[in-house]
Amino acid sequence: MCGASRKKSNIGARCPVWGDWRGDRASFKVKDEHGLQYAGRAMTAVATASSAALSGGIKIRIKNLSKVFDTRNGPFTALDTINLDIPAGCFFMIVGPSGCGKTTLLRILAGLEEHTSGTVEIAAPAMGRPGNSMVFQGDSLFPWMTVWENAAYGLTIRGLPKSQIKDSVGHYLNRAGLSKFHDSYPHQLSGGMRQRVSLARAFANDPDILLMDEPFSALDEQNKVLLQEELLRIWEETRKTVMFITHSVDEAVTLGDRIMVMTAHPGRTKFMIDVPFERPRRVLELRAQPAYGELVYNIWGQLRDEVQAARAQDEGRGK
Amino acid sequence: MTDAVQTTVPSEIRTARPPARIAASMSRSSAERLMNIISPLALIGVWELCARFGFIDVRFFPPPSKIFGVMWTMIQNGLLEKHVWASLQRLFWGILWGGIPALALGVAMGMFRTLRMIVEPIIAATYPIPKSAILPLILLIFGLGESSKVVMVATGVFFPILINSMAGVLEINKIYFDVGRNFGASGFQVFRTVAFPGSLPLIMTGVKLGVGLGLVLIAIAEMVGAKSGLGYMIWNAWEILSVETMYVGLITIAVLGLLFTLILNEIERLIVPWKAGR
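From first to last, the protein sequence lines stand for chains Y and R.
Residue numbers for the first sequence follow the working numbering, so the first one is 1 and each next one is one higher.
Residue numbers for the second sequence follow the working numbering, so the first one is 1 and each next one is one higher.
By construction, these hints were calculated from the structure, which means they are not laboratory data.
Hints are supplied without guarantee of correctness; some may be wrong.
[Said to hold, decoys possible] Computed list of chain R residues with no C-beta within reach of chain Y, every gap over 12 Å:
id	residue
1	E32
2	E120
3	F142
4	G180
5	A185
6	Q189
7	T193
8	G198
9	L200
10	P201
11	I267
12	I271
[Unchecked claim] When the alpha-carbon atoms are kept at most 30 Å apart in a straight line, the in silico DSS-like pairs for lysine-lysine are as follows:
id	chain 1	residue 1	chain 2	residue 2
13	R	K208	R	K275
14	R	K174	Y	K166
15	Y	K180	R	K275
16	R	K227	R	K208
17	R	K82	R	K227
18	R	K174	R	K275
19	R	K174	Y	K162
20	R	K227	Y	K166
21	R	K208	R	K174
22	Y	K180	Y	K166
23	R	K66	R	K82
24	R	K275	Y	K162
Cβ atoms here follow ideal geometry from the backbone N, Cα and C, with glycine treated the same way.
Please model the entire structure based on the sequences and the hints provided.
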């Protein structure tokens, strides 16, 4: 069933490979950039711990994480032995074919889903700051709230003083070019504007970590580029840790510092790769560089196997 | 961005077409509005003529002119006001006593699966019982006073509001609950910011149905053991064979029903502005 995904990856020499994936689920090793030790800890505990003890500027540490869903057709492994270290301030991208469990991984980090085994450690946020805020795929703005109320949602829930809410929400709506639409309802906005409100809602909440689940996938190409520009611009102000899911290699290379490519079902790490481009980035200028095209080409070469494997599985299931 | 593009492209067509279209739609809507007024008036006119020329039995169908004459007298001597006021008060308390628990329970059932599993079969079993059939039981428990009428209305209002608020919460896209959870909303905050506002459109539908049913039930309840109210007025008119008064009662109930619908539509526009224009 998952023969293709077990195939050893053969990463091209031009690819600056960050992780070293050996094809065996237990032997995924991470280059020890931060002096981390992996051995000597129990890995069976199912816990999402918030700990200040994470050393070396690591924000998120995922160890041997697996997620098995109980379905009518028996257990379904969505995520299989994921190991990850995400340093603070990293714009981390996850790329994978549809159905590889990338959204599940994000939902586990967001606290919306429980994992089956392994550990997730997230560095404790500063006092009074929320751990994470998610930008959801598709329309997630409350239709019954105005643009302002939507963007202020997280802060209102936390019961912050009005003046602080006003400053923060006003700032991010302004940055998102929505200052004239405070009192509009989502159904009065275009899809691109709605997704900008979603971004403003997450940024205004000032979380430690931003989780983004294919936030631009429903947008047309022009809007997508503009929103990527805006996201990068807003992100540059604070440089928060970001975990961003996409199925677009272009988007991953454009936005990310580091890309994890996942296998088709069950979702595993196929390889990781660093994006060498400097910041701040301009989307179109970046895309004009030959190095950009090369990197995208390389990743695509690796991903193609997985997409084909995913397709074969779908056909095998008679979809 | 795309908006700007769209507005510049069809500029030629814009100047030519919309005025004609607006004019056409306006005349159509005003024609429809005119028909709304004309058709009931025409019915009353035909009725009047039939009664005058003896096509229908005036003992059962007195001419409208005579009914409105009686109505006018009842308005002048304050009798109609007294009965309407009595019914409205019972209706108000009944809607309140039935509606608020229904709303709270309905939304809670939508939010909590376990509660839904426990309460739903009870609702499914009691809902189809005709509310008029439990009037004797209610009279037995609450006596002949005001409370039995209020309870009668409350039982009628309860079910449509409960069922609709539950459906309203279940209709809400799961993603909104995820957003609430991700942004750290507590159970009550989820209720206040997601479940309640999200289910308001269907709750309003439930309220409209409930108020309609309340009007039906108040008339029935007042026919037994009441000394005031529109139901009493109609029943009393039967006992003294004053058919016109009976019609006055029926027309008043109809007008009240219409007024309630108009008022509730207006309230709906105010509290569910995000559904406007959809």
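Hints and how they fare:
1. E32: Nearest chain Y Cβ is 26 Å from E32(R), so the label holds.
2. E120: Correct as stated: the minimum Cβ-Cβ distance to chain Y is 23 Å, above 12 Å.
3. F142: holds, 39 Å
4. G180: Non-interface label on G180(R) violated, nearest chain Y Cβ at 8 Å vs cutoff 12 Å.
5. A185: violated, 5 Å
6. Q189: violated, 6 Å
7. T193: violated, 7 Å
8. G198: Its Cβ does come within 12 Å of chain Y, the nearest being 6 Å, so this is violated.
9. L200: Non-interface label on L200(R) violated, nearest chain Y Cβ at 7 Å vs cutoff 12 Å.
10. P201: About 9 Å separates P201(R) from the closest Cβ of chain Y, which leaves it inside 12 Å; violated.
11. I267: holds, 15 Å
12. I271: violated, 9 Å
13. K208(R) <-> K275(R): holds, 17 Å
14. K174(R) <-> K166(Y): holds, 29 Å
15. K180(Y) <-> K275(R): holds, 21 Å
16. K227(R) <-> K208(R): holds, 28 Å
17. K82(R) <-> K227(R): holds, 11 Å
18. K174(R) <-> K275(R): holds, 19 Å
19. K174(R) <-> K162(Y): holds, 29 Å
20. K227(R) <-> K166(Y): violated, 58 Å
21. K208(R) <-> K174(R): holds, 26 Å
22. K180(Y) <-> K166(Y): Holds - the C-alpha atoms of K166(Y) and K180(Y) are around 15 Å apart, at most 30 Å.
23. K66(R) <-> K82(R): Cα-Cα ~21 Å, so holds.
24. K275(R) <-> K162(Y): Holds, at roughly 28 Å.
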